[in-house]
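Asker: Following the hints, position chain B against chain A.
Chains as they are written, first to last, in the working numbering: chain A, 1 to 1083; chain B, 1 to 494.
Calculated directly from the structure, the hints in this document are not laboratory data. Predicted model, so just to flag it, every value in this text is computed and none were measured. Among the clues, some could well be false.
What the hints assert, rightly or not - Label-pair ranges, simulated between beta-carbon atoms:
#1 G203/A to G482/B: 22 to 30 Å
#2 M610/A to I89/B: 46 to 54 Å
#3 T472/B to N676/A: 38 to 46 Å
#4 E27/B to F680/A: 20 to 28 Å
#5 E39/B to F680/A: 30 to 38 Å
#6 K848/A to A292/B: 54 to 62 Å
#7 L622/A to A187/B: 39 to 47 Å
#8 G492/B to D341/A: 42 to 50 Å
#9 M636/A to G56/B: 22 to 30 Å
To be verified - Short, incomplete list of chain B residues facing chain A, as computed with Cβ under 7 Å:
#10 L52
#11 A146
#12 N324
#13 T489
#14 T491
Here a beta-carbon is modelled for each residue, glycine too, at the ideal position from N, C-alpha and C.
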Amino acid sequence: MKQKRNSFFLVFIHLLSKKSMKTFAMVLLMSVVVTIPASYAGISSTGAQQNITVSGTVTDSEGNPMPGVSVTVKGTAIGISTDLAGKYSIKVPSNESTLTFAFVGMKTTEMVVGNQSVINLTMISDTKALGEVVVTALGITREKKTLGYAVQELNNTSLSEAKDNNIINTMSGKVAGIQVTSGGSTVGSSSRIIIRGNSSFSGNSPLFVVDGTPIDNTATNLDGSGGIDWGNTASDIDPNNIESMTVLKGANAAALYGSRATHGVILITTKKGAKEGRKLGVDINSSIVFNQPSYFPKFQNEYGGGWDGEEYIYKKYLANNPGSTLTYNQYAKQFSYNYVDGNGGGVNDANPINWGPRLDAGLKLDQWSTGKDSPWISRPNNYKDFFRTGMTTENSIAFTANSAKASGRLSFTNENTSGIVDNTDQTQNTVNTSITLTPTDKLTVVANLTYLIKKSDNLPNNGYSGAGVDFAWTEREYDTKYVKDLFNKEGNKDYMWVGADNPYYNLRNLKGLDRERGYGNLNATYKLTSWLSAMARGGVDFYTERRNTITQAGTQGNINRGRGGQFTLTEIFNKETNLDGILKADKQFGDIRVDGLVGANYRDYTYHLMGLSASDLTVPDLYTISNVKGNPGTSMSDSHKRTNSVYAAANASYKDYLFLGVTGRNDWSSTLPASNRSYFYPSVSLGFGITDAFKIKSNFLSYAKIRGSWAKVGGDTSPYQLSRTYSASTFNSIALFSPTGTMPPTDLKPEETRSYEVGTELRFLKDRVSLDVTYYDQTTVNQILSVATSTTTGYSAMKLNAGEIENSGVETMFSAKVLDNPSGLSWDVTLNWAKNKNMVNKLYGDLKSYRISAGFGGATTLGIPGQPWGVIWGLPFVRNANGKIVVGSDGIPLTTNVGKNLGNVNPDWTGGITNSFRYKNFNLSFLVDMRKGGKFFSCSAWHAYPTGTYTITTANHVRENGLIVDGVKEDGTVNDIRVSAQDYYGGSWMWNNHEYSILDGTYVKLREVVIGYDFNVKNIPWIQRLNLSFVGRNLALLYRDKSTDELGIDPEVGLGGGEAGVGFENFQIPTTRNYGFKISVSF
Amino acid sequence: MDMKKISIQNAIMLTCLFIIFNGCTKEFNDINKNPNAAEVVPASNVLGRGILSIAGTLFSERLDIYYTGSYSGHLAAIGAGDYEYRVDINNSMWRGMYTGMTYLVDAKNVANKEGNQSIYAAALTMKAYAGQQTTDMWGSIPYSEAFQLGSKAILYPKYDSQPDVYNSILAELKEAADIFKTNPTGAMGPGDLLFKGDVTKWQKFCNSVRLRVAIRMSSIDPTTATGVINEILGDPVSYPVITANTDNAYLYFPGVVPDIEYWYQRLGTTTGVYTDQYRMNDVLVSTLKTYADPRLPVYARTNKWGVYGGYKFGPTQLSDTTNNGNNVSGIGIRFANDPKGFSPFMNAAEVSFIKAEAFQKLGVIGDAQAAYENAVTLSMSENGIGGAAIATYLAGPESGWNNGTTTKLQKIYLQKWICLFKQSEEAWAESRRTDVPLMNNVSKNYAATHNRQPFRLAYADEEKSLNKNFPTSVVETDIFWGTQMWWDTRTGVH
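Looking at chain A on its own, in the form it has when it is part of the complex:
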């Protein structure tokens, strides 16, 4: 026995033989030394009385063997777990002994041994506990009723049925208190998820943990101007492999994960091979989903390209030139639009803008695509024509097997997406394997490994220049089909404007992505006694990513400069290693049950970046660095960080209704100064089951519990913040150095988040209706910030501890079985709703604002004391004391260069309702997802006025009659100056005004619809299940605010996955309706 024990730890020490890990191994050894003698005392003292061996098989109600059931001799420390076949064998002291069988979700059963040597048992579901077992921090499974804080769980079905390519999007509307901002409909785009509001100025992403190992979720932090979105790396996770997902919402739930859990934790448990209860297990899922561009901007089709073409201006011309006999056609051709050479050779033929003559009015003008004196007609579909229907196909196969000592699952998924923008795509192949070995009763070894390859030949740009057609700048008579045909015939030649590129050619300037990633862990759990076990886990997540962007030699810019093309190649290596050693204990003392753990974590993070670029090439279009003309651009950057941690948790329960939880953790971070490197943080939680405590038995109130908790979490920062350095660049092969713009801190402290929450869980009418409400308050202080300083100080920022941000709010989850008829119609409703109030309480000193994002076009997002996180700051209308817009002597709004708070980005509330119906073999479910409020600066709206492209610039006959701006003159009298639509909407005043482009983010969307049919396969012995589903996502935009509705802007779509894009929309690519079919077969 002792031999075995030692060898196990020797193996482990060997595993950790790297020099830096030696300490870790020592720690483990120490834990053994300290713990084992005491723990084994129990066994030896009872060993003398062992005289009866009892064995048997434990099964569930369907006859499937149940592995992992705890079998203990009541009142002793003797205990064992059933093996994978559900079998056990245990020595008991006497005939009077009682065996206790326990398994989460099942009713604990006691059996007196008596004369029996074989005791088989069928365990019965504990209906009360069913569905209430949740995975908590460090992967520990707990009964939900024992928790003193809120968690919410999603199962595989809700994540993989009507799934989005990005798993974050799939979560939208399903968890109270999360807020998802989709990156839109471009292939592979980032999505942003936050839990309980924004609590930091620099990163609010929750921590993703898969099977106990943290997984990187780096997201492209696009700012308001957009760019290439390389995706957020958590989107690599294949939902087909997910068994369940738990959202730990606050610092309370997540205290054990340390600083990175400040913004919550998303715990993912992958599918394992066991529990399937079948010899051969093969599951096949196949789906095809079409992505149909559906939500388009509202473009007008009344007036085309040019200037001064509106009827109102023509009428004014006639009035000012009484002798003129020009017809509208003659006027248009002479003054408004006529194409000659696309370089100003004609009339307004060099720049696309929609202030030209009326379309579809019988005019004939010289045009680029149709020639001289050709009909001047609208092309209402010219924007739609630029997009195609995208398609995602997915095929997944999983094999599972189990035996007495081993079980496993191996799966392969192939996913192919073609984007709605021409020539964009993404492919992902994922191999996932999970193996569980139980060589002895006491030792369990689990390996979870995922390897994936993600590849895009071309990702579209987001934002300005996004789709290749800056559509707001495109003329309404522009002939997209002609442009495409021209490209197919001639390539990038003879395009409409001199110096511009055919957009289809632009889409051949590729932005390619290759990511290869492996993540997973090895776990070994050794059961030291019936109540004490030791676990060691080593986990790693690493990827290499290669980003390759090229610009072809044939762009007009390159032709004009005689260049052979450009490319940029960036290679990224990202790796995080986590080693954990944990001792777990679980013991009953009369009415009090105590369980707890002590553990240590070693975390090492490394990052390398290397980049090469060429701004000119000798041989055109040969994208290799040895072909560079001039000097290659080079870059490299390394980053390294380490934290060591120790932690402990203890839970005690009294009589199954009073539950106390305590955690403590101490971190040492390499990123903090030696004096502040070590920091400790605790949490405490309490749950009280009212109905259980007072033995309330009521048909109306079937369960009631209240809970409360308090937690503090400390946090560190990124590496290399503590000293002043110079960054290097080159000029003419000379290295030039610039001192860092951020003043290093003198005494940097860890940041700190304090939170508390109280909540209640109520169930009514025999559990058919349940309600869970949580109130929380979370305050982050001493944030480690780069506080902007005036550049006149010699620094642009100071790194220091500053600021206080508070989030408080309410989360509500409600569910009801409206109809519950197993043979007839069943109807379930679940609803979640959350409201978060956000406030920046303090900044630093008398600093008036902290810039979160530089935004776009001068509109920024700021943190301002006394205001919510994310104030949109921009230039307003000039208004008088009564709030009326003031116009100048020309009847056009005055402008100012003094910025103002134009609203904040935080929604008032978010929510989702899922309805599920089941009738015999049919099931139907649909999710309605909604958000109220939250402002954003829309670049599309900003361009809707000046370009004359949107319907608002033609509404109410303004181009025929002009308009009078609703405002007052500078002397206070009511404005009565009539101006043309062009002078108002197209005047340059709007470039100095952001107010009219602030839109409201409210939406109600029909997010998901699933209609499924389970075929009756009872008569086919080799098929277990056959299901065919219709799946749909984003099928309808049920409601949006007037401000977004009148322009046709999807209020949900943001930019990138970071903080810089929050509150900005920039020429979004139209969002899609996704629908298709999925077939699932299990053998």
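Answerer: Chain B in isolation, oriented as in the chain A frame:
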């Protein structure tokens, strides 16, 4: 086994872990040492960064062509054409000047530690140069308390009035000039992008900038100005100035991508196809045409019809069909289409014009006509104009010293304004100081209410929110007007 035992065990465990982990954080200091960046670097290479940063702000397209190019009457952006105010770009110009000066202050401090007087004086010269450009665009600026967050914890530098900034600049330049006078020790090193290690050229540049500063304040404070000019011109051995084009403070680019000249980066073509919106201004093109100036084909390209045209600002600028791409001249090849081109910090012609003005206006002893003609000759020859053409020009009906109806000073001012092509900030400053040439056609949106080109740049929005010492006295009318510069003594302008 009882609870107590467990908790004692746990406590012992935790204590042990704590001690061990605390002990093994010693290597954390090494882990957190930045492998990508140095903490100590040579002063020369910081100076180079500073020079390049200042050039990148002052002489790249947005500020030099679009903004001050439009205000100075030299250049314009066709199409939109209007004066552009954009919060973010305005912020970046302010930041660009201060960041560049920060680098120069750092170079000066590092040079001090290295004991390198040459680099110290060069960095000080360039910082003062940038300081003048900054105050001449905005007016009152933080200067005496600037750049001292690290050393003196000054988080909100106070604003110095423009005369105070000028005094500081003059003092700094004098300090540098006196160091150069003593044949300073220390090599300039590879970071001297401007003069390739020639300290004598730095010395001439330093004294020439002193002349520039003095002449700018010569109307409002003639005493100080005259004193500075007399000190320099009276002792050419101690205080030599730029006299030949070979001494010009021009930053030349290697012309190898990515290190190519800023205007070329934006405008350059090899095919001759010229579509960029940045073009010539009618004020300059008309002046050059009127004077039959041989520099016209150097400064500008012909338009589509083979002749020269400039963009006309004014109320009808958008509907004026002569303002379109086919009719407005592009910018000349020497300035806009040479990857090995230059960013002109200062040239010999300007120095000679300053002398001419000092002789003519301030009573400094010297031959104003000779200085004027020398200045025109320097500017012409710099642009490749031969002697015969220069002689003709110097005998021209208005350009000749004794010809025409314009005053001597007006001739100096106009010719100096012409010679400052591609130094738009300087040309704009001179036109605000002298009102020559008269530019009363302002951009469409402002034409109704303003009779002169912009007076100033708007202060950076970020500066207003980050520096609580931002003065409340500043008046910014319609963004570009309001408080005039201290040395702008024009009246009746708005």
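Asker: State the violated hints by number, sorted upward, taking the hints as numbered earlier in the document.
Answerer: 1, 2, 13 and 14
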